[in-house]
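Undergrad: Listed below, chain by chain, are the residues.
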Amino acid sequence: MRCLNKDFSAGIIRFNPIFILLLGLCPALAVSTSLDNAIGMTAAATFVLLGSNIIIAVIRQYVPKQVRIPVFIVIIATLVTIVDLLLQGFAPALSAALGIFIPLIVVNCMILGRAEAFASKQGVSRSIMDALGVGIGFGWALALISLIRQLLGTGSLSFFGQQLLTIPGLVEEPAIIFLFPMGAFFVVGLLLALFKWLEAKK
Amino acid sequence: MIKRSRGSFTILFFLTLIVFLSVVSLFLTDDLTEERIAFARQAAIKRMLTALFPEMEIYDYDDQLRVYKIFATGKWIGQVFMVRASGYGGPIDIMVGLEPDYSLRGIRILSHRETPGLGDRITEAAFLDRFVGLTVQQIALTRDGGKIEGITAATISVRAVVDKVREAIIAKIDKEK
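Residue numbers (the numbering used here), protein chains in the order written: chain A, 3 to 204; chain B, 91 to 267.
For the record, the hints were derived by calculation from the structure and aren't laboratory data. Fair warning: there could be bad hints in the mix.
Here chain B is said to cover these stretches of chain A; the calculated rule only asks that three of the stretch's residues, wherever they fall, bring their Cβ under 8 angstroms from a Cβ of chain B [stated by the list, open to error]: (1) 54–67; (2) 114–120; (3) 132–139; (4) 166–174; (5) 177–190.
On a predicted model such as this, the values are computed, not experimentally measured, just so you know. Even for Gly, the Cβ is constructed at its ideal location relative to N, Cα and C.
Work the whole structure out from these sequences, hints included.
TA: Listed below in structure tokens is the structure:
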């Protein structure tokens, strides 16, 4: 039990996928333009991560080690397509909201990274906890990046159509650069520096 | 821990097996969802037709002209047809609603693959509303002499939609008038 708790909490801060492991950076840069996107991406990615971690933990003893990476990729890609089809068929509203993120999950190296580094070595229950922990870690990191980019890039903060706050002065002349990819690099780079600094100070 | 290293036959067999299982599960999922996806798409089309023509009572799909004819109180009040533009991330399916005099009732985006947060703003009401009531000459970006204001950081997506809608209406008028 202690072990499971540790697997769960590790992904949230100590081995945060984005800020510490530097995994899943390309979807993080691509969709962190608004809070809604961050949450949509997190939900979709966590679901696929959970599925792939479980399957890979189950079959880990049978996978020949020379071809493990292609096997993982086939499993992840299959899972992503299944999720996409199921959402389109059974939850069209959710699919309309998440649809554009789903193809991005295939290129999320966080999922392949966890398959290789964790699920292919540990049992099913530990892999589930790892997936949930890493999912949450991915979520808050993405939310933090989006928060900064949305605030500076649009001068306001909205959450599923609800206007939360606006910054007077900035909302008329927002720093649009933060919505562009280079703005994403600025924000992620500075946050990475901050987390490295905090780590070094400890 | 994966440590066993095996002969090439086992490896080949395992890879084939995994791909086979993947194909089977994809086939089954597709079979399971195909009908529901078509149904959901139909429901989405109906929702968009109603959004364009709130007074719509019935609609009828004309196979030959490939348009949805919209009727209310027994009268023909407009038509909606679909065009596909190629955007930044892939095809954009647009539904174009026309009044009987070929002026624009409005447009809706049925599906797209534009960048979240940038290009996908073409689906927002703030952008779609800019098309309402325009004549075919006015359907162009302001910088091209039209009446539609673009979206910052989404130029490719916006231009794809605007240009395609204009071209499609011109083609339609040429054919029917």
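Undergrad: None of the hints should be skipped; say for each whether it holds.
TA: Verification of the hints:
For the stretch 54–67 of chain A, the stated coverage by chain B is satisfied: 6 residues place a CB nearer than 8 angstroms to a CB of that chain, which reaches the threshold of 3. Check on the stretch 114–120 of chain A: 0 of its residues sit with their Cβ under 8 angstroms from a Cβ of chain B, so the three-residue criterion for coverage is violated. Counting residues of the stretch 132–139 of chain A whose C-beta sits closer than 8 angstroms to any C-beta of chain B gives 0, which falls short of three, so the coverage hint is violated. With 0 residues bearing a CB less than 8 angstroms from a CB of chain B, the stretch 166–174 of chain A misses the requirement of three and the coverage assertion fails.
Counting residues of the stretch 177–190 of chain A whose CB falls under 8 angstroms from any CB of chain B gives 3; the rule of at least 3 is met.
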